[in-house]
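Asks: If you want the building blocks of each chain, they are given just below.
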Amino acid sequence: MATMQLKNIFKIYDNGFEAVKDFNIDIEHGEFIVFVGPSGCGKSTTLRMIAGLEDISKGEFYIDERLVNDVQPKDRDIAMVFQSYALYPHMSVYDNMAFGLKLRKVDKAEIDKKVTDAAKMLGLDHLLDRKPKALSGGQRQRVALGRAVVRHPKVFLMDEPLSNLDAKLRGHMRAEIIKLHKNVGATTIYVTHDQTEAMTMADRIVVMKDGVVQQIDTPKEIYDMPENLFVAGFIGSPTMNFINGTIKNGKFVVAGKEFGIPGGKYAALEKGGYEGKDVVLGIRPEGIGGEPLFLETFADATFKSTINVAELLGPDYIIHTMLGEASITAVVPARETMEMGKEVTLAFDMNKAHFFDKETELRIR
Amino acid sequence: MEQKKTNLGHYLILGVGFLLIFIPLYLTVMSAFKETGQITGDFFGLPNPFTFDNFARLLEDGIGKYFVNSTLISVVSIALITLFVPMAAFSIARNISNKKAFALMYGFLTLGIFVPFQVIMIPITSMMTKFGLSNIPGLIILYLAYAVPQTLFLYVGYIKLAIPIELDEAAAIDGCGKFKMYFKIAFPLMKPMHATTLIINGLWIWNDFLLPLLILNKDDATWTLPLFQYNYQGQYFSDFGPSFSSYVVGISVILLVYLIFQKYIISGMTNGAVK
Chain A
0 MATMQLKNIF KIYDNGFEAV KDFNIDIEHG EFIVFVGPSG CGKSTTLRMI AGLEDISKGE
60 FYIDERLVND VQPKDRDIAM VFQSYALYPH MSVYDNMAFG LKLRKVDKAE IDKKVTDAAK
120 MLGLDHLLDR KPKALSGGQR QRVALGRAVV RHPKVFLMDE PLSNLDAKLR GHMRAEIIKL
180 HKNVGATTIY VTHDQTEAMT MADRIVVMKD GVVQQIDTPK EIYDMPENLF VAGFIGSPTM
240 NFINGTIKNG KFVVAGKEFG IPGGKYAALE KGGYEGKDVV LGIRPEGIGG EPLFLETFAD
300 ATFKSTINVA ELLGPDYIIH TMLGEASITA VVPARETMEM GKEVTLAFDM NKAHFFDKET
360 ELRIR
Chain B
0 MEQKKTNLGH YLILGVGFLL IFIPLYLTVM SAFKETGQIT GDFFGLPNPF TFDNFARLLE
60 DGIGKYFVNS TLISVVSIAL ITLFVPMAAF SIARNISNKK AFALMYGFLT LGIFVPFQVI
120 MIPITSMMTK FGLSNIPGLI ILYLAYAVPQ TLFLYVGYIK LAIPIELDEA AAIDGCGKFK
180 MYFKIAFPLM KPMHATTLII NGLWIWNDFL LPLLILNKDD ATWTLPLFQY NYQGQYFSDF
240 GPSFSSYVVG ISVILLVYLI FQKYIISGMT NGAVK
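Note that the protein sequences, when read in sequence, are chains A and B.
Counting with numbering that gives the first Met the number 0, you get residues 0 to 364 for the letters of the first sequence.
Counting with numbering that gives the first Met the number 0, you get residues 0 to 274 for the letters of the second sequence.
Quick caveat, the hints were computed from the structure, so don't treat them as lab data.
Misleading hints may appear alongside valid ones.
Using 30 angstroms as the maximum straight-line C-alpha spacing, the simulated DSSO-like pairs for lysine-lysine come out as follows [unchecked claim]:
id, chain 1, residue 1, chain 2, residue 2
1, A, Lys-256, A, Lys-357
2, B, Lys-177, A, Lys-107
3, A, Lys-73, B, Lys-183
4, A, Lys-113, B, Lys-177
5, A, Lys-104, B, Lys-177
6, B, Lys-262, B, Lys-183
7, A, Lys-107, B, Lys-190
8, A, Lys-104, A, Lys-153
9, A, Lys-130, B, Lys-179
10, B, Lys-190, B, Lys-98
Not everything, but these chain A residues come out facing chain B in the computed CB check (under 8 angstroms) [as the list claims (entries may be wrong)]:
id, residue
11, Leu-52
12, Pro-72
13, Lys-73
14, Ile-77
15, Ala-78
16, Met-79
17, Phe-81
18, Ser-83
19, Ala-85
20, Tyr-87
21, Pro-88
22, His-89
23, Phe-98
24, Gly-99
25, Leu-102
26, Arg-103
We put the CB at the ideal spot given by N, CA and C, even for glycine.
Work the whole structure out from these sequences, hints included.
Replies: Below you can see the structure in the form of structure tokens.
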């Protein structure tokens, strides 16, 4: 286990491109941190700087309060699991796992014990003599994890380790990694573009876009209290609905319809001087309902609409409709049949709605 | 019907190819076991009587010494080529896309592929004489230099294609410095290319006549097998018996090396490295 501090970290390439801008985070012992964001957001670059595979252009990086900017990867006491697994093809599973220990001149009997224990934990004990090419994708992934585990490093780094697996195996391996983290307890940084992985695995999530950290918080806080439009739109599936409208007399007005704003939220809007101004309302699909009780509860935030597409997921429908010019996606219980062309009355749970500044895209609070 | 026609065409081409290789080989091997009289009188016939006299003659003429010279030159040259060229190739392959100096160096070194030996033959010979390198070490240096362009070209292409950079990174994190990473990970993964270049360069160095003729001319104790073989060819008389038997000796070594290493040439060593 280790603590880590990244202070004002920048990655600037020779052509002047800034891949990571002013990255700051303090990571506690044994924390599971997930970097999430779209392709090219700088999450993998940051991880590679932590690993020592990329130079840090500006800023300071500490592991256990020791400045390690110029320390070689091998001397940082880290282990990394690569997206492509990066197993040594000419070595057996045993040798792949033992390689790091052999280089550190660990006693042969101890290597044997560590590799055998890790192999047992990962269900690889019957595959130790095989070469990587004779393994399935899931088995290779486990060898890559095993190679990291045997060394008992201070820090685990994982760069999209599940992205080459099929959906079922991904779900299974996700659980395995969570279990592994509980067992080993090493501080872990996990990079993914999959927000489900981020939400299910992380103690804290770092959301990134264009090299800039958008928000660092627990999965629940990120989901419930997104800092800006990007975070609100990136986390959650189906994605949050965004509706452009105006604040008028304590109500949100869009396409001639008025939606009552709860007192606390309106106070923040009023304090920010948004009365009479255009804002963006954000509401998650599960914050919209059409059940009688729901409509009754949020009677001052209802609207009538026609279903464009209805997707049955088993217990729920995802329905797509319009409010003025805004597309609306709602998740409603599948108690009655929903179909294209059907007219429905829906309501917003305005307690769960967020308001964002149109210019700065920040959440108004 | 269409299929049969194609097959027939294939067999015809293969048959012609087979004969083109088999007939000279057959004549060489058969002639090695004939008496000189029979070689000139009955070139295509089987040896009658079957004799080892030609091989005995080779031993009498001291083929052993030249065989040792050829083996020494080939083995040391190939060892040096296999030690240094992949090292340079690895460094170039990893840096060529983002460092201009490496791209320039690669371009400069591979340019040698397009320079025919005959063009630089005279200056090279006089230069080696001036440096006092008209001897076996000098010849080995020249082989190393001449092997660089093509061998480097092959290795760089192979490394870029078959050895993913993630393996370097995984090794670095596992605890390897640059040299350990090269020798423990990259070098073993180049096995198919080592075998390929060993055969290409080995064949050329073992059979080469011109460079040894220019460099080793002064001292017949340093001659190679092809120079020794040439002694049986005169302007007015050729001693065919020992000539052919010495060719058989030369061919046998190449054949043996090829049989040992051919399985590595095109084998997918990196299967399973990534994905």
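Asks: Against this structure, judge whether each hint is valid.
Replies: The hints, checked one at a time:
Our distance criterion of 30 angstroms between C-alpha atoms is met by Lys-256 of chain A and Lys-357 of chain A, whose separation comes to about 20 angstroms. Between Lys-177 of chain B and Lys-107 of chain A the alpha-carbon distance is near 24 angstroms, which keeps this suggested pair within the 30 angstroms criterion. Restraint check for Lys-73 of chain A and Lys-183 of chain B: the C-alpha separation of about 15 angstroms stays at or below 30 angstroms, so the hint holds. Under the criterion of a C-alpha separation no larger than 30 angstroms, the hint pairing Lys-113 of chain A with Lys-177 of chain B is consistent with the structure, at around 26 angstroms.
A distance of roughly 18 angstroms separates the Cα atoms of Lys-104 of chain A and Lys-177 of chain B; the hinted pair therefore holds under the 30 angstroms criterion. With a CA separation close to 22 angstroms, the supplied pair Lys-262 of chain B and Lys-183 of chain B stays within the 30 angstroms bound. Distance hint between Lys-107 of chain A and Lys-190 of chain B is fulfilled; the C-alpha atoms sit about 28 angstroms from each other, no more than 30 angstroms. Using a Cα cut-off of 30 angstroms, the hinted pair Lys-104 of chain A and Lys-153 of chain A holds, with the two alpha carbons roughly 18 angstroms apart.
A C-alpha spacing of about 21 angstroms is found between Lys-130 of chain A and Lys-179 of chain B, which places the hinted pair at or below 30 angstroms, so the restraint holds. Distance check on the hinted pair: Lys-190 of chain B and Lys-98 of chain B sit about 27 angstroms apart at the alpha-carbon level, within 30 angstroms; holds. Annotation: Leu-52 of chain A was flagged as interfacial toward chain B, and the flag holds, the nearest CB pair being 5 angstroms apart, inside 8 angstroms. For Pro-72 of chain A, the suggested interface contact is upheld, since its CB lies about 5 angstroms from the closest CB of chain B, less than 8 angstroms.
Among the interface hints, the one on Lys-73 of chain A holds; its C-beta lies about 4 angstroms from the nearest C-beta in chain B, closer than the 8 angstroms criterion. Taking 8 angstroms as the C-beta contact cut-off toward chain B, the hint placing Ile-77 of chain A at the interface holds, the least distance being around 6 angstroms. Hint on Ala-78 of chain A holds. Least Cβ distance to chain B is approximately 7 angstroms, under the 8 angstroms limit. Given hint, Met-79 of chain A at the interface with chain B, holds; its Cβ is 5 angstroms from that chain's nearest Cβ, closer than 8 angstroms.
Checking Phe-81 of chain A against chain B by beta carbon gives a least distance of about 5 angstroms; that is within 8 angstroms, so the hint holds. Look at Ser-83 of chain A: its Cβ gets to within about 4 angstroms of chain B, closer than 8 angstroms, so that hint holds up. Look at Ala-85 of chain A: its Cβ gets to within about 4 angstroms of chain B, closer than 8 angstroms, so that hint holds up. Because the smallest distance between the Cβ of Tyr-87 of chain A and any Cβ of chain B comes to about 6 angstroms, under 8 angstroms, the interface hint for this residue holds.
Taking 8 angstroms as the C-beta contact cut-off toward chain B, the hint placing Pro-88 of chain A at the interface holds, the least distance being around 4 angstroms. The interface hint given for His-89 of chain A holds, since its Cβ lies 5 angstroms from the closest Cβ of chain B, which is under the 8 angstroms cut-off. With 8 angstroms as the threshold, the beta carbon of Phe-98 of chain A comes within range of chain B, its nearest partner Cβ sitting at about 5 angstroms, so the hint holds. Evaluation of the Gly-99 of chain A hint against chain B yields a held restraint, the C-beta minimum of about 4 angstroms falling below 8 angstroms.
The restraint placing Leu-102 of chain A at the interface with chain B holds, with a minimum CB-CB distance near 4 angstroms, inside the 8 angstroms limit. With its C-beta approaching chain B no nearer than about 6 angstroms, Arg-103 of chain A sits inside the 8 angstroms limit, and its interface hint holds.
Of the numbered hints stated above, none is contradicted by the structure.
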